[in-house]
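Trainee: Residues in the sequence shown are numbered from 261 upward in steps of one, following the working numbering.
The set of hints was computed from the structure by calculation and includes no laboratory data. Please read these numbers as outputs of a predicted model, since none were measured by experiment. For glycine and all other residues, C-beta sits at the position ideal for the given N, C-alpha and C. Among these hints, one or two may not hold up.
[Claimed, not checked] Straight line, CA to CA, 20 Å or less: simulated SDA-like cross-link-like pairs of lysine to any residue: (1) Lys358 x Val339; (2) Lys382 x Ala370; (3) Lys291 x Arg345; (4) Lys358 x Gly285; (5) Lys291 x Phe302; (6) Lys382 x Ala294; (7) Lys291 x Val303; (8) Lys382 x Cys372; (9) Lys355 x Glu341; (10) Lys382 x Ile319; (11) Lys358 x Gly377.
[Claimed, not checked] Listed next, with one range per pair, are the computed distances between beta-carbon atoms: (12) Ala338 x Gly300: 20 to 28 Å; (13) Glu292 x Val321: 23 to 31 Å; (14) Arg273 x Glu349: 36 to 44 Å; (15) Met335 x Leu272: 24 to 32 Å; (16) Met335 x Glu269: 22 to 30 Å; (17) Leu374 x Ala278: 27 to 35 Å.
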Amino acid sequence: MTKPAVTKETGLRHFIAAASYSWAGFLRVLKEAAFRQELGFFVVSIAALALVGATAGEIVVAVLLFLGLFSMEAMNTAVEEVIDRISPEISIVGKHAKDLGSFAVTCMIAACCLYLGFVLGKHLFFS
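Modelling step: build the complete structure from the supplied sequences, incorporating the hints.
Mentor: Have a look at this one:
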């Protein structure tokens, strides 16, 4: 019988291993200009919400939306890396996969913008 290529950790070791993989993923996506721009958008947005007196609940919803955006950007980067690895030549299937990932990120950016517009507008014009 052959030995498995990867040994699966269990218990606390699994948690530590998963945390290190997540940290490595964060460091990888941090190399992406789009992610750094989204991170800047997050910082400015939270500051703007705090300045207009947004409630804790409103800020929590914004943070959750941005976490969704960050995870979508990470998944988009993963799709792009896999496509570039398995299909370095330009193919319509690879193009579609990358376009779909980009569309998913765009939807999350739109969700963040709509929510921010709503909350900022509410506090600036209707309070």
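Trainee: Next step is simple, just say for each hint if it's right about the structure.
Mentor: Hint-by-hint comparison with the structure:
1. Lys358 x Val339: holds, 7 Å
2. Lys382 x Ala370: OK: lysine 382 and alanine 370 at ~18 Å, within 20 Å.
3. Lys291 x Arg345: holds, 18 Å
4. Lys358 x Gly285: holds, 19 Å
5. Lys291 x Phe302: holds, 17 Å
6. Lys382 x Ala294: violated, 29 Å
7. Lys291 x Val303: OK: lysine 291 and valine 303 at ~18 Å, within 20 Å.
8. Lys382 x Cys372: Within the cut-off at roughly 15 Å; holds.
9. Lys355 x Glu341: Roughly 12 Å between the alpha carbons, so the hint for lysine 355 and glutamate 341 holds.
10. Lys382 x Ile319: holds, 14 Å
11. Lys358 x Gly377: violated, 28 Å
12. Ala338 x Gly300: 20 to 28 Å: holds, 22 Å
13. Glu292 x Val321: 23 to 31 Å: holds, 25 Å
14. Arg273 x Glu349: 36 to 44 Å: Since the Cβ atoms of arginine 273 and glutamate 349 sit about 41 Å apart, the hinted range of 36 to 44 Å holds.
15. Met335 x Leu272: 24 to 32 Å: With Cβ atoms ~27 Å apart, the hint holds.
16. Met335 x Glu269: 22 to 30 Å: With Cβ atoms ~24 Å apart, the hint holds.
17. Leu374 x Ala278: 27 to 35 Å: Since leucine 374 and alanine 278 have Cβ atoms about 33 Å apart, the given range 27 to 35 Å holds.
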